[in-house]
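Going by this note's numbering, the first sequence opens with residue 4, and the numbers climb by one from there.
Hints listed in this document are in silico derivations from the structure and should not be mistaken for laboratory results. Treat the hints with caution; some may be incorrect.
[Said to hold, decoys possible] Derived CB-CB ranges, DEER-like:
#1 D72 to A259: 54 to 62 Å
#2 N454 to E422: 21 to 29 Å
#3 A259 to E235: 38 to 46 Å
#4 D72 to D365: 34 to 42 Å
#5 E297 to L90: 38 to 46 Å
#6 Q408 to Q329: 56 to 64 Å
From the three backbone atoms N, C-alpha and C, an ideal C-beta is built for every residue, glycine too.
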Amino acid sequence: MSVRVRFAPSPTGYLHIGGARTALYNYIFAKAQGGKCILRIEDTDEQRSTKEFEASQIDDMNWMGITYDEGPINGGEYGPYRQSERLDIYQKYANNLLNEGLAFYDFCTEEELELMAQKTKDEGAPPYTGKWRDKEHWDEARKRVAAGEKAPLRFLVPDIDVEFDDFVRGNVKFPKGTVGDFVIMRSSGVPTFSFCNVIDDHLHGISHVIRGEDHVNNTLRQVLLYQAIGAELPKFAHVSLLIGKDRQKLSKRHGATSVRQYREEGYLPEALANYLCLLGWSHPDEKDVFKIDELASVFTLDRFSKSHAIYDIEKLQWINGQHIKQMDLDELHKRCSEFISHDFYEQQSVQWQKTFLGLFQDKIHLFPELNSHLEELLKDSMDMNDDLKEIMSWETSPAIKDYIQEQLNTVKTDYVSAEQFSEWMNYCKKELKIKGKPLFMGLRGVLTGQNHGPDLKVLIPLTPVEILKKRVASL
RNA sequence: GCUCCCAUCGUCUAGCCCGGUCUAGGACAUCGCCUUUUCACGGCGGUAACAGGGGUUCGAAUCCCCUUGGGAGUACCA
Numbered sequence: 004m005s006v007r008v009r010f011a012p013s014p015t016g017y018l019h020i021g022g023a024r025t026a027l028y029n030y031i032f033a034k035a036q037g038g039k040c041i042l043r044i045e046d047t048d049e050q051r052s053t054k055e056f057e058a059s060q061i062d063d064m065n066w067m068g069i070t071y072d073e074g075p076i077n078g079g080e081y082g083p084y085r086q087s088e089r090l091d092i093y094q095k096y097a098n099n100l101l102n103e104g105l106a107f108y109d110f111c112t113e114e115e116l117e118l119m120a121q122k123t124k125d126e127g128a129p130p131y132t133g134k135w136r137d138k139e140h141w142d143e144a145r146k147r148v149a150a151g152e153k154a155p156l157r158f159l160v161p162d163i164d165v166e167f168d169d170f171v172r173g174n175v176k177f178p179k180g181t182v183g184d185f186v187i188m189r190s191s192g193v194p195t196f197s198f199c200n201v202i203d204d205h206l207h208g209i210s211h212v213i214r215g216e217d218h219v220n221n222t223l224r225q226v227l228l229y230q231a232i233g234a235e236l237p238k239f240a241h242v243s244l245l246i247g248k249d250r251q252k253l254s255k256r257h258g259a260t261s262v263r264q265y266r267e268e269g270y271l272p273e274a275l276a277n278y279l280c281l282l283g284w285s286h287p288d289e290k291d292v293f294k295i296d297e298l299a300s301v302f303t304l305d306r307f308s309k310s311h312a313i314y315d316i317e318k319l320q321w322i323n324g325q326h327i328k329q330m331d332l333d334e335l336h337k338r339c340s341e342f343i344s345h346d347f348y349e350q351q352s353v354q355w356q357k358t359f360l361g362l363f364q365d366k367i368h369l370f371p372e373l374n375s376h377l378e379e380l381l382k383d384s385m386d387m388n389d390d391l392k393e394i395m396s397w398e399t400s401p402a403i404k405d406y407i408q409e410q411l412n413t414v415k416t417d418y419v420s421a422e423q424f425s426e427w428m429n430y431c432k433k434e435l436k437i438k439g440k441p442l443f444m445g446l447r448g449v450l451t452g453q454n455h456g457p458d459l460k461v462l463i464p465l466t467p468v469e470i471l472k473k474r475v476a477s478l
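The whole structure should be built from the sequences, with the hints applied where relevant.
See the structure below:
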């Protein structure tokens with residue numbers, strides 16, 4: 004059987020990192036198995052679904068490098084791929100179930116339903132005990148519907164134990180009576196998630212359902228539904244959930260939870276994908292920096308962890324830094340520019356920009372950090388902090404300062420060349436007889452006001468001469 | 001409440017299915033040292049875990065049971 008998997012988001016918000024993670028797993032699994040990955044939009048929640056969220060979720064997935072073979076935009080032979088466009092299909096299946104006596108219209112009032120729910124809680128009674136599940140009331144119910152009354156259609160849950168095999172959880176069993184007759188068609192005529200999800204997975208030929216653990220209880224219902232429509236069960240893999248530092252459900256207060264936010268903060272898509280993939284799945288060679296497309300040959304469903312993973316971004320930042328470090332300069336130059344918010348940078352030559360980037364490439368974890376390094380580079384005044392005071396108190400430092408200031412005034416170009424700067428250093432060494440720490444630290448102090456920082460021989464030729472002059476003058 | 005699931009360093013995890021090779025391995029974070037006369041990178045090293053209790057066994061992180069703790073679901077949301 005060929006592998007077909009799907010990612011089925013609800014367009015009710017931005018793409019969540021949890022959703023992105025399951026999408027990622029589906030995508031990689033399809034790649035690894037030479038199968039197809041399908042995108043299906045589950046927009047049956049009329050109130051909350053919007054086209055804007057649909058578009059933004061697809062956009063964010065593409066950004067992360069998750070592509071699909073069939074979907075609402077690029078089509079496919081199993082379309083349509085938007086549930087709101089498949090309503091007649093669900094209706095047909097619902098009618099079949101109704102006619103086969105596997106579903107019934109329910110006219111219970113809200114009060115009655117509430118009472119049942121209460122009873123379930125208190126006494127452990129079966130969840131739905133309304134009279135409408137009994138055959139003798141079916142004719143009456145159908146007549147009322149025919150007469151125009153609205154009622155939800157419930158699936159008549161058979162009184163049997165249910166079990167299914169799961170790639171991460173093994174054999175999962177539910178005793179009979181765990182779920183009550185659940186709604187498959189709302190009184191508005193719109194089907195519910197449990198129902199269309201099953202029909203679509205069946206019709207779309209889905210072979211493996213990889214989704215979050217929060218769906219195991221739905222799977223119980225869905226197994227019953229598969230049996231009712233006479234469809235073969237797909238294979239299941241219920242992946243553990245992501246939780247926050249406080250071991251609570253991941254929410255806004257744990258920081259950024261949407262892919263969009265990471266994207267805007269300058270995280271690399273390959274780094275986010277890399278990190279998300281590692282939360283609950285492990286590389287057989289224990290590698291932790293990789294590109295998801297490299298995973299095709301090693302990705303298997305038996306390497307999922309059963310327990311929850313706490314989402315903690317420290318490692319994400321490290322991984323992001325690793326991916327930056329691995330980039331070649333041209334790519335880095337191209338990709339980071341949108342996160343640099345200084346006109347000065349844009350006004351420089353490509354050569355300058357690349358030198359600057361090369362200097363900081365292995366120091367940063369995130370592109371926006373480049374901005375603070377730029378600011379540091381452009382600072383034209385120096386604070387007399389303790390470090391600088393100490394440097395200036397050395398007897399060698401005033402000589403360096405005087406010499407540098409004098410040299411600076413002779414420079415006619417915008418920048419000191421690397422050669423020129425080397426000459427200055429040599430002069431200090433040979434003529435001023437300064438060497439070692441007093442030389443390097445002295446120069447750094449005089450020129451930058453700092454006692455630490457990147458390689459002076461690269462840094463100084465990157466700094467505009469005007470700024471160097473102002474700094475030295477302010478001493 | 002009920003149903004289902006989970007439990008290895010602070011965090012992500014390897015090992016568990018097929019008990020001995022585990023004085024429990026890796027990574028992030030943290031600490032120290034080396035390197036770079038600075039910082040960062042890098043290298044080396046340290047601190048740090050099998051939730052608890054019972055079994056089974058010559059032997060258990062690995063198998064079984066209980067307890068405790070955590071999570072999910074329990075909608076005319078998905």
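> Does the Cβ pair N454, E422 satisfy 21 to 29 Å?
Replying inline: 26 Å Cβ-Cβ, so the 21 to 29 Å window holds.
> Is 56 to 64 Å a correct range for the gap between the Cβ atoms of Q408 and Q329?
Replying inline: Since the Cβ atoms of Q408 and Q329 sit about 42 Å apart, the hinted range of 56 to 64 Å is violated.
>> Quick check on a hinted range of 54 to 62 Å for D72 and A259, using CB atoms only.
In response: 30 Å, violated
> Does the Cβ distance between E297 and L90 fall inside 38 to 46 Å?
Replying inline: 41 Å, holds
> Can the suggested window of 34 to 42 Å be confirmed for the beta-carbon pair D72 and D365?
Replying inline: With Cβ atoms ~38 Å apart, the hint holds.
> Measuring from beta carbon to beta carbon, are A259 and E235 in 38 to 46 Å?
Replying inline: Roughly 40 Å apart at Cβ, these two residues keep to the hinted range, so it holds.
Consistency with the previously given hints fails for numbers 1, 6, ordered from lowest to highest.
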